[in-house]
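A.B. asks: This is what each chain is made of:
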Amino acid sequence: MSQILYTDEHEWIRIEGDVGTVGITDYAQEQLGDVVFVELPAVGRKVEKGKDMAVVESVKAASEVYAPVTGEIVEANDGLVGEPGTVNADATGAGWFVKIRLTDRSQLEGLMDAAAYKKFVEGLH
Amino acid sequence: MNDPAQLKTTPLHSLHRALGARMVPFAGYDMPVQYPAGIIAEHRHTRSHAGLFDVSHMGQVRIRAANSEAAAAAIEALVPADYRALKPGRQRYGFFTNEAGGILDDLMVAHGGDHFLMVVNASRKDADFAHLQANLPKEVHAALLADRALLALQGPEAVTVIQRHAPETVGMRFMDARAMTVLGTNCFVTRSGYTGEDGFELSVPADQAERLARRLLDEPEVMPIGLGARDSLRLEAGLCLYGNDIDETTTPVEAGIEWAIGKRRRAEGGFPGAKRILAELAEGPKRRRVGLLPQGRSPVRAHSTILDASGVTIGEITSGGFGPSLEAPIAMGYVPTRHARPGEQVSVDLRGKPVVAEISAMPFVQTRYHRD
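Chain order of the listed sequences is V and C. Take the first sequence: its position 43, counting from 1, is numbered 43 in my numbering, and each next residue is one higher. Take the second sequence: its position 353, counting from 1, is numbered 353 in my numbering, and each next residue is one higher.
Next up, chain C with everything else stripped away, as it sits in the complex (with noise of 0.2 Å):
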């Protein structure tokens, strides 16, 4: 699975090898984990100008109904989210879920009109694609799109250069989505990212991508971005990483992502895992989700355990590094939820000696979501 050869590529794989990117095995892909600036300063950009990011490794799969309530009403039998008042040219995250109420995936969808645009994780597509396949009645389509790009263009000044060359996304709001034309490519646009910051992502025709990625890393304010810097961005936006943070043996309510399932589906049910998703929204989960801010200059690692004053183990590690906004570590695991308030001291193991670390809210840094 890591050997170079087996590794799929992404459309803009020369273009990363042009750049002078580090590459790594990520999901099967080859990817750029770095470009020479660095992640620090990859991250910081991405913070302060705006970072040019390569997502196409991630899964784009359009759904489609004879009309928008079928496919709604589809996607609604495996996602607790509400997605049938989702108005078109609107982007909702959800997550499918499995009957014990674990997470089989994130996702986001956008309504694209006559269909649906659902984006996956890369390490999941073949999974959720296949999960469609059988879930979804025969009168709904999934087509997962394999000759699709995936670009993101994340931070403060990515609207200043998107506006330059895409008039239509002016009035674009936090998860709008619109099809339009972004430098003579046909593209379909959200207002939305995995970074905190403002943002878009675009999804454009693969054989396009190289041309279009090139013309917007020749804008001042932009600078290509790799996956580290993308890991450290979204762990200082409290935002969870599949396989880490969330997964099968992880709820919505565990993960504190419980307020995308909307007061309908909560009323109604009608998902898988929706008898203990629905327990926990009364009851309250038994672990909780939280972030963590370790004393001293050391990063604490995914996998390290958590301990009380006393040294019992109470949790684990799920995503943990350094914040380069923060220039400090920060760190997401679960811990039981009497343990769970902000300003509560715990331990985390780090190389076999006990280290303190704060309970803290999340998001690390403040997100800068274009909200209206």
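Next up, chain V with everything else stripped away, as it sits in the complex (with noise of 0.2 Å):
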């Protein structure tokens, strides 16, 4: 069974082997309101965790998205770029941002799984 752990950025990464789909959260896209553009890195691309990897732009701002973990894109979520709206409407599904092969499993430990993360959220409001 795949494992979903989440960013104290709103961003998260559900493992399989030593990849890991990167997105933002759902709380995350609310947040932002209506997403109008995404930018994403190309493949073939070094991230590194806690940098800054991708950039989704909203009607009233844009926003950085962090890598949860170092690594090289793999692959890039391309249908977001002609509909920017799935990640609204799909933010942990069918608007995932990029594949990213782990450099470091150990880096996941850091992160939270659902339960931290949800109690992470209800903290800050």
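Derived from the structure by calculation, the hints contain no laboratory data. Glycine is no exception: its CB is placed at the ideal position from the N, C-alpha and C atoms. Please note: incorrect hints may appear among the correct ones.
As the list claims (entries may be wrong) - Cβ pair distances, simulated, as ranges:
id : chain 1 : residue 1 : chain 2 : residue 2 : range
1  : V       : 43        : C       : 36        : 34 to 40 Å
2  : V       : 113       : C       : 303       : 51 to 57 Å
3  : C       : 220       : V       : 43        : 48 to 54 Å
Reconstruct the complex from the two isolated chains, following the hints.
C.D. replies: Rendered as structure tokens:
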């Protein structure tokens, strides 16, 4: 079974083998409002945990999306370029951003599970 | 200032909460940025039906003297628009200028018969009121109306809704102003707004505001609209936002709002900054506010630099975002006058990369004011 983990910057990562699929959480898309543009990293790019990796633009503002783990981009969801609203409609499904091949699985230990993330979000209000 | 406990609220605050608004701090107020429908849906609804906006955070100032000529002359000493020619029942756009020709705030003034009603920006209302207090002659009295709310009903169906409940609005044209009863509430109504659409603004007693807003929201054409869509609507309409597109460092001529300075005022002067403003009217300004259409899909935001073909910085974006009606990014900014021709290509900095942008005439969408 795949494992979904969360960052305190509201990204999620679903781990399957040594590849993690990454997106922003439902809470994040709701806070952003209508997404009108997504800028994704190129396949092959190396990303570093906690450093910016993608940009998501809503009507109001631009926000950075940070890499939840260090690794290499192996796939980007190019469908978001034409249909950025997918991020709002299905943030944790069809609205995924990229797939990252992990360099260091031990980085996952610092991330939150679903219950911890839920608690974290509740604490923001 | 952004601590929720320190924020001021409008008379519609509990209604916003009840409607599920996302609240944000704006000009010291806790204000709805959007409702559950979202900014794009709210924007489109206003362009095709009617939207209700709470703009009670704005300042409403009543200016009165023994006769309206004296009040108009006193306003003219601070604002370069022609208010002596403003007839009772009419409204006119203007701005406070400083001695350097910069803009202290932009505003609307309506002639209410025995007084003038001035509406100023929320972020500037205290400064504006102090400016009036300090500069009006002692026989002219200004009062900041804390007991009034301001509702804006905007969009092509606003007229249908308002006429259903306020027959006295029949026959009003763009920038007309009348006192009347709307759904049993005494209102001061103007046919104007900040969306580029036909619409009305209703100054209402604070204690009646929620009841009136709820009645208007019950109408099938009307949906509540937050500040997010208010911003995208005004940007598409090419309208300035004070603090972004105009401020103390920009002149009305640079900003392209010199049309508000009437012929008599140009001939006579007699307003703060007249020397610079009249010189710019005669010789042209060094820079101009322009519209920009960035290529691609990514919005370009305020404070991004504008570059010429050789990569030299020539100006700055002052407002930028996504135009839901155009389904494209749009922006405003200042460029040297020689670059200010529609169709000219410049580039804008987008996260360190240059993106081609075309200088565009404004408004970006056709305005639909009811002029006849």
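A.B. asks: With reference to the structure, classify each hint as holding or not holding.
C.D. replies: Checked hints:
Remark: the range hint 34 to 40 Å for residue 43 of chain V to residue 36 of chain C is upheld by a beta-carbon distance near 37 Å. A beta carbon spacing of about 39 Å between residue 113 of chain V and residue 303 of chain C contradicts the range 51 to 57 Å that was offered as a hint. For the hinted restraint 48 to 54 Å between residue 220 of chain C and residue 43 of chain V, the CB-CB distance of approximately 50 Å keeps it satisfied.
Comparing the model with each earlier hint shows a violation of hint 2 alone; every other hint is respected.
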